[in-house]
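Number of protein chains: 4
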Amino acid sequence: MADANVTELEELLAAPPVPTRRPTVPALEEQLYKVHPVLDHGFVRVVDYMGDDAAIVQAARVSYGKGTKSARNDRGLIRYLMRHRHTTPFEMCELKLHVKLPIFVARQWIRHRTANVNEYSARYSILDREFYLPHPDQLAVQSSTNRQGRGEVLDATTSARVLDLLRRDATQAYDTYSELINDDGEGNAVDAEAPQVARELARMNLSLNYYTQWYWKIDLHNLLHFLSLRADAHAQYEIRVYADIIGELTKAWVPHAYEAFDDYRVGGAHFSRAELDVLRALVKGGDPDELLPKTGLSLRERKAFREVLALGKPKRS
Amino acid sequence: MADANVTELEELLAAPPVPTRRPTVPALEEQLYKVHPVLDHGFVRVVDYMGDDAAIVQAARVSYGKGTKSARNDRGLIRYLMRHRHTTPFEMCELKLHVKLPIFVARQWIRHRTANVNEYSARYSILDREFYLPHPDQLAVQSSTNRQGRGEVLDATTSARVLDLLRRDATQAYDTYSELINDDGEGNAVDAEAPQVARELARMNLSLNYYTQWYWKIDLHNLLHFLSLRADAHAQYEIRVYADIIGELTKAWVPHAYEAFDDYRVGGAHFSRAELDVLRALVKGGDPDELLPKTGLSLRERKAFREVLALGKPKRS
Amino acid sequence: MADANVTELEELLAAPPVPTRRPTVPALEEQLYKVHPVLDHGFVRVVDYMGDDAAIVQAARVSYGKGTKSARNDRGLIRYLMRHRHTTPFEMCELKLHVKLPIFVARQWIRHRTANVNEYSARYSILDREFYLPHPDQLAVQSSTNRQGRGEVLDATTSARVLDLLRRDATQAYDTYSELINDDGEGNAVDAEAPQVARELARMNLSLNYYTQWYWKIDLHNLLHFLSLRADAHAQYEIRVYADIIGELTKAWVPHAYEAFDDYRVGGAHFSRAELDVLRALVKGGDPDELLPKTGLSLRERKAFREVLALGKPKRS
Amino acid sequence: MADANVTELEELLAAPPVPTRRPTVPALEEQLYKVHPVLDHGFVRVVDYMGDDAAIVQAARVSYGKGTKSARNDRGLIRYLMRHRHTTPFEMCELKLHVKLPIFVARQWIRHRTANVNEYSARYSILDREFYLPHPDQLAVQSSTNRQGRGEVLDATTSARVLDLLRRDATQAYDTYSELINDDGEGNAVDAEAPQVARELARMNLSLNYYTQWYWKIDLHNLLHFLSLRADAHAQYEIRVYADIIGELTKAWVPHAYEAFDDYRVGGAHFSRAELDVLRALVKGGDPDELLPKTGLSLRERKAFREVLALGKPKRS
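Going line by line, the protein sequences match chains A, B, C and D. Residues 62 to 378 in the working numbering are what the first sequence lists, from first letter to last. Residues 62 to 378 in the working numbering are what the second sequence lists, from first letter to last. Residues 62 to 378 in the working numbering are what the third sequence lists, from first letter to last. Residues 62 to 378 in the working numbering are what the fourth sequence lists, from first letter to last.
Worth double-checking, as some hints may not be accurate.
Unchecked claim - Just the calculated beta-carbon pair ranges, DEER-fashion:
#: 1; chain 1: A; residue 1: H196; chain 2: C; residue 2: R334; range: 29 to 37 angstroms
#: 2; chain 1: A; residue 1: R334; chain 2: C; residue 2: G212; range: 22 to 30 angstroms
#: 3; chain 1: C; residue 1: V214; chain 2: D; residue 2: S204; range: 43 to 51 angstroms
#: 4; chain 1: D; residue 1: R174; chain 2: B; residue 2: T218; range: 51 to 59 angstroms
#: 5; chain 1: D; residue 1: S239; chain 2: A; residue 2: V327; range: 43 to 51 angstroms
#: 6; chain 1: B; residue 1: D338; chain 2: D; residue 2: T175; range: 28 to 36 angstroms
Hints are computed from structural coordinates only; laboratory data are not their basis. Each residue gets a CB set at the ideal place from its N, CA and C atoms; glycine is no exception.
Looking at chain A on its own, in the form it has when it is part of the complex (with noise of 0.2 angstroms):
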């Protein structure tokens, strides 16, 4: 699939560096084309970079004027924006990725609207035989508390009988999608007396599990947004571990952007009027077992609060 870019990338990635008087990041430079494998045929790499944390620095300094310059170093600076959310500076940087994913996570991943992308097109060229299944570990059952996740995780029993059955029916829609296709790689019918189904419509009959690629541009701070969501722990986990490669990547690009971010958003939390008002009564020594029923909080907004809060369980009376 797409083998001629993936020659040209290595080509890149062999090609001697040349000179920019461009903002350049050393630690990046390190990653650039390089692939970092996601699942079990997937990946992602950097293809190319605008910008560092210098740049975040940069634009923020017209925005706000000189004084900014004396008064505060650049890691503040940036810690500064981030606290109190002036993003228009994070868009100045720009990252673009080549990943190759399943489909079923290029959906999730497309509604991030304020990227650039340009898919792989089954229209016009031949998907390979490359499908998604879970490692064992991954295997799990729906989520009885949480409407949207996994439990526990199959015995090796039904485990090996659920990838049985997603390896036969993957393995069957490839069968008749080239079948179909019929194409020998070069444009010319395996089977003469058979006719070459259009690529349109041959690729219906293939899963959600098969993998697609894509090269995907975006700026700083709408990754940062699709990073906070899916490197979340209740995204699912196909694409948390594609934000998590990304999240190394951006550390080592713009590293004190990405300080902040995981200091401000990842380990921060959010407090509604009715919590804050449980806070302050707490702070001043309140006991939460005799505050909390009395709000107006849900029970499952009473349990996050605990544990955001390392309040421990509410003691029965």
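Dock chains B, C and D against the given chain A, drawing on the hints supplied.
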């Protein structure tokens, strides 16, 4: 699938009208909530709308001043805006649709990033056993001239064979999906011994011809752009039939805007600098067979040029 | 300025209601087309709307499935969506406003890129002699603590002097503008000897406190984001008064969504990773005067932290 | 104004190049950070860029498959993409500019909502005493034929008078602004007796010809759209001169894409359905003087049609 919503819409359909002072279009009120079937299991229905032809004019008059009022009637002003690509007044109208469509169509459709979308989630809910099978008239071979299109329709025997394969694989995919989900529709296991595999995992076994559905809301400017790409002869048949019915609904909603769109976009043509040079020579009596080969136009460009001007095929000398 | 439009809107205001089967909000119907004065010459009025609280719920139920129906009432579901930042259902509602506002306010406002805008064009039309003069209560010195804000109000003598200067300069700017335009309002020269300088040139002489107007259309998700930034205490007074009245109109339109927004966004607070660490120690009985200096929090962060938790000032040891 | 930034950029200009393996364009490297003067005090300079012609091709090949490689060279493929409005590969390149421009130009420019912007903020910082005065060659009367344009240039006496008025008002506006701000540039009062009025208030006295500046970042597809509107003969001169220099920089950066844009967009023309009907008759030898009056085309449309085809004026019978 989403029976709750269907019931809700039936109720809306039956409910008596209420008074409003908002711009209202009787012709679209008649279509409100009505199911317009598309393909074998899909549909489009209008769920809400904002604005009308007069709303476009109203916005244009704020931008272009009072002179616009005396100078032109509404239809003339809308045609002027369309001709000169003054697009912002068309953004003042908004349409909301409920659409049921195969996943591979949804994947093309979602590339229009300027719309608002709420799609049925197979992480939370169970998809119905409904998949798309092309009508035999639409089962065609890969086009030999157009890399992304269809050529001749398959003969009856072959198309029956193809449909059997597609049906067999889709059916098996759903059987496996059902077995994994193991849910009687009320949340209880069908097979009490077996696990209920997480929905977010089980869905990966379904093929791209399964139906999904969504609410889709878009402003008129971006809707017309969508129609210009998707109601076009180069669009895949399975999305074009949706665009066609949406075009009809748009015509009922904003007849002046739709007429202008049809005259200036759909029925119009764009010529490049080199083509304009040829055109100027042609209208002075030049011979296309002599002029065209001397330009830098590719064979494909010359062919398209001759077609749009009804010049016929070049004469052999 | 734009008298044609005003007349048109008066007609709409007087016109009898017509029947519709679209979602309709009686409380907002009452506000439709009504002028809500803002500052000395500005206004806001609702020109159209699409959707209501039920439309948010309807979209959410498509996304999150039938379970959402039985599980929660509308208000509860909307609060759940707001709490978990499920933003797309809020995009299903749309509001269209006609706003008259000083140019320097328009320059801040336009930075919200997700709205549709048609602004009065001074290339085509002549601006009225209407400029903003602050109320003496709003004339204040540069804040010494907040680099972007206002400090103490000016004394009566000084504020009278400042208003005189502002009035004098704005008046002279318009006199020059009028002389250059040299148009009696019907297109004829006032001074037959003098030229009518191009409007697109003459307008550059006007100052930033002159009024402009526009139609502004935005979906509810982005409207709430606008309100969270512009109805905030850190926003400049002159845009905040617009945000405040738009907030009131939003409350009339989608009361459940507005209540959830008010509880979770406006009345809520966000804590960073380091602040959460302090919080956990505080609710276990820790002493803020001891704990806070040991964190990496800046003085400004500590001050804000104490304020939101009503901790009072640190005690001197 | 923003001297800190200027100094910073001078340093960047002087800094030695560093090695990168990213796509690099020597012709644009030469332009990097260089000031290109525009109008009397404005400028444009390239601050960063991402991608090149090859990056467009690379993205297109992922979308349209390996066949695109063998079939066409880079230039041909880019022309194909431009002709068929396959816009997403052009979104894979990004340009970042630092621009200084009059506020009334900034107000037009900002309507392009698809860019990232960080503007100098007069809430935080003090604007310089720099305002735009048109060159006498650009001082013209309101066009009598084009409601948004300029007609004949003013005579020398009148234009001297107009410039005097503009200069006088702008100077007075700044004098008042300075008096209100009452800041010696180091934060100290010039007049110790007088207050330092809040910057966010004082700025409202400045006129629309004062200069502002911003960082502006945009992808190539949207940049070409900006150029097609703003480098056009119908655009106001004061924004067109910016678009012209940006066009030159774009040509240095992505020569194939710019050439295709120039041939297909700038030098091309669009014909409506009715105009195509006339065209088909004309190339068959029809007489425009006979054909044109029989169409539904307006006088203005017929005039434009004759011009683009070099048909000359209609003959009087």
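Tested hints:
1. A:H196 x C:R334: 29 to 37 angstroms: The hint (29 to 37 angstroms, Cβ to Cβ) holds, given that H196 (chain A) and R334 (chain C) are roughly 31 angstroms apart.
2. A:R334 x C:G212: 22 to 30 angstroms: About 29 angstroms separates the Cβ atoms of R334 (chain A) and G212 (chain C), which means 22 to 30 angstroms holds.
3. C:V214 x D:S204: 43 to 51 angstroms: Since V214 (chain C) and S204 (chain D) have Cβ atoms about 48 angstroms apart, the given range 43 to 51 angstroms holds.
4. D:R174 x B:T218: 51 to 59 angstroms: 55 angstroms Cβ-Cβ, so the 51 to 59 angstroms window holds.
5. D:S239 x A:V327: 43 to 51 angstroms: Given range 43 to 51 angstroms: holds, Cβ gap about 46 angstroms.
6. B:D338 x D:T175: 28 to 36 angstroms: For D338 (chain B) and T175 (chain D) the Cβ distance comes to about 33 angstroms; the hint holds.
Going through the hint list in order, the structure satisfies each hint without exception.
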